[in-house]
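Undergrad: One-letter residues, chain by chain:
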Amino acid sequence: MNDNSPAVRITHVSKKYKLYYNRESQLKYMVLNLLRGKWSRLSSEFWALKDVSMDIEKGKTVGFIGRNGSGKSTLLKLISRILYPDAGEIEANGKISTLIELGAGFHPELTGRENVYINASILGFSRAEVNRKFKDIVNFSGLEGFIDNPVKTYSSGMYVRLGFSVAINIDPDILLVDEVLAVGDEAFQKKCIRKINEMKNAGKTIVFVSHDLSAVEELCDEVFLLHNGRMVKHGKPVEAISAYHQMLIGTSELQVREELPQNGASEGKGFMGSRWGSKKVEIGGVKFLDENQQETDVFKTGERFRVRIDYNAHEEIKKPVFGIAIYSDRLVHITGPNTKQQNVIIDSIRGKGSVEYTVENLPLLPGSYLFTAAIYDFAGLHAYDHWEQSWKFHVIESEKVADRYGLIALPAKWEYVK
Amino acid sequence: MIKKWIKSIWDFKYLVYNLVARDLKVKYKGSTLGFIWSLLNPLLMLAVYTVAFKYVMKIKVDNFPIFLFSALLPWNFLHSALSMGVTSITENSNLVKKVFFPREVLPLSIVLVNLFHFLLTFFVLVPALLIFKMAPGFSFFLLIFIIFFQALFVMGLTFVVSAMNVYYRDVKHFLEVLLQLWFWLTPVIWPLELIPKKFAGYVYLNPFTFFVDAYRQIILHNRVPKPFTLIMIGLIGIVSFLIGAALFRRKQRRFAEEI
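As you go down the protein sequences, you meet chains G and S in turn.
In terms of this note's numbering, the first sequence is residues 1015 to 1432.
In terms of this note's numbering, the second sequence is residues 44 to 302.
The following block holds chain G by itself, in its conformation from the complex:
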C-alpha cells in the first residue's frame, strides 16, 4: 500500500434502508401481490446517507457527530463492512476492529476464557494472536479471578468489561468506536480513554462516533458533522461542535422534525441502553413533551420539561412504582425520583395507560442527557420493566438562564454583602 493513501477513503457513498411495516406478513403480502400481477414488497425507503465523501488520514483520530438518525452510525457500519453501500465506494487500508457491540457472541454456558477466544476469532484473529494477547486482555478487564467461570455468572458490568478488553487489546490498524465509552465504572472508563490515547500515539487510525461531545473534543484531531445523511461540516473539533450546537438551536426553534425511522431500522429508540424485568407490565414508549405538549428531544434550560411514559400491564398489577433517572452524557447520575417517594400511590393498573413526570423549570444546563424509565413493585425489589439509559434528550442554551458551568443551574441568587 502507498504510504500516503488515506486509511479510509469514502467516495460518493449513499445508503438506503428499506423499512418494513410488518416482517411477519411479508410473504403473505407478496403472494397476494403476485396474484394481482405485481412484484412488490411491503416497504418504504429511507436514505440514511446521501452522497458522502471523505478521506480519513492515517494516524488521525476523527469523530463523527450528529443527532440520532443523522447517519453517523450507518457510516461507521459501512466502514466496518457490516453494511454495504447502495452507491459509491469505501476503501479501507488495514485491519479494522470495531467496538460496536461488546461481548457480541458471548455464550453464557462457556467460561470467560473460552469466550475470549471465540470473541477474538469473531473479530478475525487467529489462535496464535489471541494466545499472545490473552494475558493483556484478562489484565485489562480486571477479571483474573473469574476467567474460568461461565459468563452466565458474570454481572452485566463484568460482561461488558470483558468484551471491551477483547476488542481493544487486539491490534488493529483502524479502530472504529461507537458509543462504547459509556461502559463500566469511572475507573474503567479512564482506563479505556488511556488505552485509546495509547493507540493514538502508536499511530493508529481511530474513528469515533459519540454523543459525548467533551470526549470527542478531547480525543479527536478532526470532526465530521452529519445531518440527515449528509456531511455538513468538516473541521477542527471546536468548529464542528459549535456548528452542531448552532444546528440544535436552529432545528428546535423551527420545529423541524427529523426523518427518524419509526419502525425497526438499525437504530431503534433503545439505542444504547439495556433492558430487564419480568415484563408483566411493559413500557410501551417514552415521549418528551415541550410546553405546547409537542414531542421533542431538545429543551432549553428553564423551560418546562415533561415526560410521558406509556405502559401496558398484561395482568393486574397492585401498587406499581414508576421511576425515572437522568444521567449526563458522562454518566453522572443526576436524579432518580419515583412515584412512591412523592407519595403518589397507584392502587392497581391493568391494560394501557400513562404517567407523566414534569419539571416546571428544567435546571439542566446545555448538553446531552440519558434517560432511564422503569416500573418496579412496591418494595422496589422486583423490576417489571427497566430501560436503563435508553433514551436521550438534549438541552440547549436559553435566554432565561445565564449559568454556564457544570450540569445544573440551581435556583439561587448572588448578593453582595460587603
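Hints were generated in silico from the structure; no laboratory data involved.
The reader is advised that the hints may include incorrect statements.
Unchecked claim - Derived pair list, reagent style DSS-like, types lysine-lysine, alpha-carbon separation capped at 27 Å: (1) LYS1166(G) with LYS47(S); (2) LYS1354(G) with LYS1406(G); (3) LYS215(S) with LYS1032(G).
Chain G is already provided as a structure; the job is to place chain S on it using the hints.
TA: Frame of chain G, contents of chain S only:
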C-alpha cells in the same frame, strides 16, 4: 473472484473451528452420557424403525438394520444440517448486525458440526457390519468421495435456506414440511425395487436418490456404484454448492439490515 472468496473465509478458519467446537461443547455440557448420545441416538432410532418396519409392517428386506442404516445416517446428516442451518443467520442476528465477518462462516460451521456427527456414527456402523458378518470391503474407500460430495450438496442447500430465511421467516416452517415430504420420496426406509419399472426413472429426479443408491451399493452390497451414479453425485454436489454460494454471496449484502 472465487479465490478471493475462499480466502476471505479461510482467514476466519479459527472462527469456524471455534463455532464448531462451541456447538459440540455446549451440546454435551451437563449431560451425563455426553458424546455417547451421538452414537446412542442413531442406535435407538434404528431400533425403533426396525421394530416398526420389519416386525409391525413386515417389509421384507434382507439385512434390514444395515439396509436402513446405510441410507438413514446420510439422510440424518442432510436433515439436521438443513433444519439447524436454516436459522444459522437469523439466530445470530446480534453478531450479524454488530460485527463484520464472512457470513458464510455461520452455515458452514453448522454443516461441519453435522458432518462431524455423521462421521461419528461410523463408529456404530462398522461394528454393526461386523456383527452381521458383513466386513466392510475395499469399496469402502469410495465413501470418502461420496461423503465429500454430499457435504458440498448439503452446504449448497444450507446456503440457500439460511439466506432466504433472513428475508422470509416462513422458509423455516416451509422447510420442515418439505423435508418430511422429501424423506418419504427418497428410498430410505423402502427399497428402490419397490417402485414399478415404469416409474423407476422418476425416482432419480430426486438428487438424493443417487446418494442413497451409492451408499447402499457400498455398505450393504460391498459393490462399487455405477460410474453414472458417481458422476451424477459429483455434479449434484458441485452444482448445488456453486449455486448456493452465489446466491448467498448476493443475498448477504443486506443481511445486517434485513435481519
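Undergrad: Does each hint fit the structure? Answer for all of them.
TA: Taking the hints in turn, this is what the structure says about them:
no. : hint                       : verdict
1   : LYS1166(G) with LYS47(S)   : violated, 38 Å
2   : LYS1354(G) with LYS1406(G) : holds, 24 Å
3   : LYS215(S) with LYS1032(G)  : holds, 23 Å
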